[in-house]
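Quick note, the sequences are listed as chains C and D, same order.
Residue numbering for the first sequence follows my numbering, starting at 99 and increasing by one per position.
Residue numbering for the second sequence follows my numbering, starting at 382 and increasing by one per position.
Among the hints, a few may not be true.
[What the hints assert, rightly or not] Below, in silico cross-link-like pairs of lysine-lysine (DSS-like), each with a Cα-Cα straight-line distance of 30 Å or less: (1) C:Lys168 - D:Lys422; (2) D:Lys400 - D:Lys390; (3) D:Lys421 - C:Lys171; (4) D:Lys422 - C:Lys176; (5) C:Lys168 - D:Lys417; (6) D:Lys403 - C:Lys176; (7) D:Lys421 - D:Lys400; (8) C:Lys176 - D:Lys417; (9) C:Lys197 - D:Lys422; (10) D:Lys425 - C:Lys153; (11) D:Lys452 - C:Lys197; (12) D:Lys421 - C:Lys176; (13) D:Lys452 - D:Lys422; (14) C:Lys168 - D:Lys448; (15) D:Lys422 - D:Lys403; (16) D:Lys433 - C:Lys197; (17) C:Lys197 - D:Lys448; (18) D:Lys433 - D:Lys417; (19) C:Lys197 - D:Lys400; (20) D:Lys425 - C:Lys171; (21) D:Lys417 - C:Lys171; (22) C:Lys197 - D:Lys390; (23) D:Lys400 - C:Lys168; (24) D:Lys448 - C:Lys176; (25) C:Lys168 - D:Lys452; (26) D:Lys425 - C:Lys176; (27) C:Lys171 - D:Lys422; (28) D:Lys433 - D:Lys400; (29) C:Lys176 - D:Lys433; (30) D:Lys421 - D:Lys390.
Just so you know, the hints here were simulated from the structure itself, not pulled from any lab data.
It should be emphasised that the depicted structure is a prediction, and the values quoted were computed from it without experimental measurement.
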Amino acid sequence: AQTVTQSQPEMSVQEAETVTLSCTYDTSENNYYLFWYKQPPSRQMILVIRQEAYKQQNATENRFSVNFQKAAKSFSLKISDSQLGDTAMYFCAFDSWGKLQFGAGTQVVVTP
Amino acid sequence: DTAVSQTPKYLVTQMGNDKSIKCEQNLGHDTMYWYKQDSKKFLKIMFSYNNKELIINETVPNRFSPKSPDKAHLNLHINSLELGDSAVYFCASSQDPTGMNSPLHFGNGTRLTVT
Numbered sequence: 099a100q101t102v103t104q105s106q107p108e109m110s111v112q113e114a115e116t117v118t119l120s121c122t123y124d125t126s127e128n129n130y131y132l133f134w135y136k137q138p139p140s141r142q143m144i145l146v147i148r149q150e151a152y153k154q155q156n157a158t159e160n161r162f163s164v165n166f167q168k169a170a171k172s173f174s175l176k177i178s179d180s181q182l183g184d185t186a187m188y189f190c191a192f193d194s195w196g197k198l199q200f201g202a203g204t205q206v207v208v209t210p
Numbered sequence: 382d383t384a385v386s387q388t389p390k391y392l393v394t395q396m397g398n399d400k401s402i403k404c405e406q407n408l409g410h411d412t413m414y415w416y417k418q419d420s421k422k423f424l425k426i427m428f429s430y431n432n433k434e435l436i437i438n439e440t441v442p443n444r445f446s447p448k449s450p451d452k453a454h455l456n457l458h459i460n461s462l463e464l465g466d467s468a469v470y471f472c473a474s475s476q477d478p479t480g481m482n483s484p485l486h487f488g489n490g491t492r493l494t495v496t
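Only chain C is shown next, with the shape it has when bound in the complex (with noise of 0.2 Å):
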């Protein structure tokens, strides 16, 4: 069975700084898709980036980019020049067969 693991419950950071979020996931399959999701208050899930486990090179979309680890199965997203509208909860997914399993989610908050 696989897991998801996100450590921090909550994160706060400043408008423009940059914030980190953790993953760490447990599988024994060798190939697989990683994703990060972004939940705002209006609950829509949108998805913001994701990492195909057979690519060494880490995914980057515009200010989001990801530090995919997979010998050590971590999977962290980090929110550079941070903007008010990213404040949101963040889920760490992983998918294996169809089947999309995510972690307890972290609520980033980002302050003026």
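Chain D: place on chain C using the hints.
Quick look at chain D alone, frame taken from chain C:
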């Protein structure tokens, strides 16, 4: 032009009632899902269907029955509602049933409150 739409957005009902949540996607995806988000925001898969066929059925009470009349629709029917069923239910779709190369597109959720 909402990609994944679910109705209703809010549903308040009494214990013992039967209710349905509808979901439709216009992305042309083959696979649809139901996820449940509990009061602690934890998200867990309930079901997935590929081209109207059930492919994932997690440990969910028999009171929950998904129905897929066609690949663009996946409805969730819940019988004999209980207080513990209160949650936000998300519908989602993806092109790839294995989920490996196609991220999920989520609906906006249905907040179910059972009193």
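Hint by hint, here is what the structure shows:
{"no.": "1", "hint": "C:Lys168 - D:Lys422", "result": "27 Å, holds"}
{"no.": "2", "hint": "D:Lys400 - D:Lys390", "result": "13 Å, holds"}
{"no.": "3", "hint": "D:Lys421 - C:Lys171", "result": "25 Å, holds"}
{"no.": "4", "hint": "D:Lys422 - C:Lys176", "result": "22 Å, holds"}
{"no.": "5", "hint": "C:Lys168 - D:Lys417", "result": "29 Å, holds"}
{"no.": "6", "hint": "D:Lys403 - C:Lys176", "result": "36 Å, violated"}
{"no.": "7", "hint": "D:Lys421 - D:Lys400", "result": "23 Å, holds"}
{"no.": "8", "hint": "C:Lys176 - D:Lys417", "result": "27 Å, holds"}
{"no.": "9", "hint": "C:Lys197 - D:Lys422", "result": "18 Å, holds"}
{"no.": "10", "hint": "D:Lys425 - C:Lys153", "result": "27 Å, holds"}
{"no.": "11", "hint": "D:Lys452 - C:Lys197", "result": "18 Å, holds"}
{"no.": "12", "hint": "D:Lys421 - C:Lys176", "result": "24 Å, holds"}
{"no.": "13", "hint": "D:Lys452 - D:Lys422", "result": "28 Å, holds"}
{"no.": "14", "hint": "C:Lys168 - D:Lys448", "result": "38 Å, violated"}
{"no.": "15", "hint": "D:Lys422 - D:Lys403", "result": "22 Å, holds"}
{"no.": "16", "hint": "D:Lys433 - C:Lys197", "result": "17 Å, holds"}
{"no.": "17", "hint": "C:Lys197 - D:Lys448", "result": "19 Å, holds"}
{"no.": "18", "hint": "D:Lys433 - D:Lys417", "result": "20 Å, holds"}
{"no.": "19", "hint": "C:Lys197 - D:Lys400", "result": "26 Å, holds"}
{"no.": "20", "hint": "D:Lys425 - C:Lys171", "result": "21 Å, holds"}
{"no.": "21", "hint": "D:Lys417 - C:Lys171", "result": "26 Å, holds"}
{"no.": "22", "hint": "C:Lys197 - D:Lys390", "result": "25 Å, holds"}
{"no.": "23", "hint": "D:Lys400 - C:Lys168", "result": "44 Å, violated"}
{"no.": "24", "hint": "D:Lys448 - C:Lys176", "result": "40 Å, violated"}
{"no.": "25", "hint": "C:Lys168 - D:Lys452", "result": "35 Å, violated"}
{"no.": "26", "hint": "D:Lys425 - C:Lys176", "result": "25 Å, holds"}
{"no.": "27", "hint": "C:Lys171 - D:Lys422", "result": "23 Å, holds"}
{"no.": "28", "hint": "D:Lys433 - D:Lys400", "result": "21 Å, holds"}
{"no.": "29", "hint": "C:Lys176 - D:Lys433", "result": "38 Å, violated"}
{"no.": "30", "hint": "D:Lys421 - D:Lys390", "result": "19 Å, holds"}
Checked against the numbered hints above, the structure breaks hints 6, 14, 23, 24, 25 and 29 and satisfies the rest.
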